[in-house]
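Engineer: Each protein sequence line maps, in turn, to chains A and B. Residue numbering for the first sequence is 770 to 860, as defined by this note's numbering. Residue numbering for the second sequence is 770 to 860, as defined by this note's numbering.
There could be a bad hint or two in this list.
In silico lysine-lysine, DSS-like type, Cα no more than 25 Å apart, as pairs [what the hints assert, rightly or not]:
{"no.": "1", "chain 1": "A", "residue 1": "Lys779", "chain 2": "A", "residue 2": "Lys833"}
{"no.": "2", "chain 1": "B", "residue 1": "Lys809", "chain 2": "A", "residue 2": "Lys809"}
{"no.": "3", "chain 1": "A", "residue 1": "Lys779", "chain 2": "B", "residue 2": "Lys809"}
{"no.": "4", "chain 1": "B", "residue 1": "Lys833", "chain 2": "A", "residue 2": "Lys833"}
{"no.": "5", "chain 1": "A", "residue 1": "Lys771", "chain 2": "B", "residue 2": "Lys779"}
{"no.": "6", "chain 1": "B", "residue 1": "Lys809", "chain 2": "B", "residue 2": "Lys833"}
{"no.": "7", "chain 1": "B", "residue 1": "Lys833", "chain 2": "A", "residue 2": "Lys809"}
{"no.": "8", "chain 1": "B", "residue 1": "Lys809", "chain 2": "A", "residue 2": "Lys771"}
{"no.": "9", "chain 1": "B", "residue 1": "Lys779", "chain 2": "A", "residue 2": "Lys779"}
{"no.": "10", "chain 1": "B", "residue 1": "Lys809", "chain 2": "B", "residue 2": "Lys771"}
{"no.": "11", "chain 1": "A", "residue 1": "Lys833", "chain 2": "A", "residue 2": "Lys809"}
{"no.": "12", "chain 1": "A", "residue 1": "Lys809", "chain 2": "A", "residue 2": "Lys779"}
{"no.": "13", "chain 1": "B", "residue 1": "Lys809", "chain 2": "A", "residue 2": "Lys833"}
{"no.": "14", "chain 1": "B", "residue 1": "Lys809", "chain 2": "B", "residue 2": "Lys779"}
{"no.": "15", "chain 1": "A", "residue 1": "Lys833", "chain 2": "A", "residue 2": "Lys771"}
{"no.": "16", "chain 1": "B", "residue 1": "Lys779", "chain 2": "B", "residue 2": "Lys833"}
{"no.": "17", "chain 1": "A", "residue 1": "Lys809", "chain 2": "B", "residue 2": "Lys779"}
{"no.": "18", "chain 1": "B", "residue 1": "Lys833", "chain 2": "B", "residue 2": "Lys771"}
{"no.": "19", "chain 1": "A", "residue 1": "Lys771", "chain 2": "A", "residue 2": "Lys809"}
Treat the hints as calculated values from the structure; they're not laboratory data.
2 protein chains.
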Amino acid sequence: MKVRVLIRLKPGILDVQGAAVLRALAGLGFADARELRVGKLIDIEVDAATPAAAQQRVDEMCRKLLANTILEDYTIEAVEAGRLAPRQAVR
Amino acid sequence: MKVRVLIRLKPGILDVQGAAVLRALAGLGFADARELRVGKLIDIEVDAATPAAAQQRVDEMCRKLLANTILEDYTIEAVEAGRLAPRQAVR
Chain A
770 MKVRVLIRLK PGILDVQGAA VLRALAGLGF ADARELRVGK LIDIEVDAAT PAAAQQRVDE
830 MCRKLLANTI LEDYTIEAVE AGRLAPRQAV R
Chain B
770 MKVRVLIRLK PGILDVQGAA VLRALAGLGF ADARELRVGK LIDIEVDAAT PAAAQQRVDE
830 MCRKLLANTI LEDYTIEAVE AGRLAPRQAV R
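Next up, chain A with everything else stripped away, as it sits in the complex (with noise of 0.2 Å):
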């Protein structure tokens, strides 16, 4: 079962890398990047029966190790068969 988590610096917490990015960007002439924000992303593909089963099981990963809850919101989202990489990508 492939699963995807987007973990994401909380609202309130100052994103530095996302700023320096942004002011990179309005350097490079992308003056009409207006916000931006750095996260991670997790493809992970787990052992489970149903798709529920998998999603709990991430959530747990991570709430033990893979986010740090204090400072972050996770996401997860269940992703097709074949879409983890996307055959949509730019190579």
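With chain A held as given, fit chain B onto it using these hints.
Structural biologist: This is chain B only, laid out in the frame that chain A set:
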């Protein structure tokens, strides 16, 4: 216009961080995690008239700054209003 960029190492590239996380998970008893890769998530708000224009602009940003296209693939996803920081996120 809100856009989400997912940046992943290309399939052939060794993901050292992912391998380390997978070992740490196994050490915590999560032997059911079979494969794991770590990537980057960038949430961007762009000034653009249409979703297509926003995506095209972000594609340019990816090629010029956000992604290292030698090592990484990127995927650009449109985000419905309000879903940049999803409500179903765990706080």
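Engineer: For every hint, state whether the structure bears it out.
Structural biologist: Outcome of the hint check:
| no. | hint | verdict |
| --- | --- | --- |
| 1 | A:Lys779 with A:Lys833 | 18 Å, holds |
| 2 | B:Lys809 with A:Lys809 | 5 Å, holds |
| 3 | A:Lys779 with B:Lys809 | 16 Å, holds |
| 4 | B:Lys833 with A:Lys833 | 36 Å, violated |
| 5 | A:Lys771 with B:Lys779 | 17 Å, holds |
| 6 | B:Lys809 with B:Lys833 | 16 Å, holds |
| 7 | B:Lys833 with A:Lys809 | 20 Å, holds |
| 8 | B:Lys809 with A:Lys771 | 17 Å, holds |
| 9 | B:Lys779 with A:Lys779 | 28 Å, violated |
| 10 | B:Lys809 with B:Lys771 | 17 Å, holds |
| 11 | A:Lys833 with A:Lys809 | 16 Å, holds |
| 12 | A:Lys809 with A:Lys779 | 13 Å, holds |
| 13 | B:Lys809 with A:Lys833 | 20 Å, holds |
| 14 | B:Lys809 with B:Lys779 | 13 Å, holds |
| 15 | A:Lys833 with A:Lys771 | 19 Å, holds |
| 16 | B:Lys779 with B:Lys833 | 18 Å, holds |
| 17 | A:Lys809 with B:Lys779 | 16 Å, holds |
| 18 | B:Lys833 with B:Lys771 | 19 Å, holds |
| 19 | A:Lys771 with A:Lys809 | 17 Å, holds |
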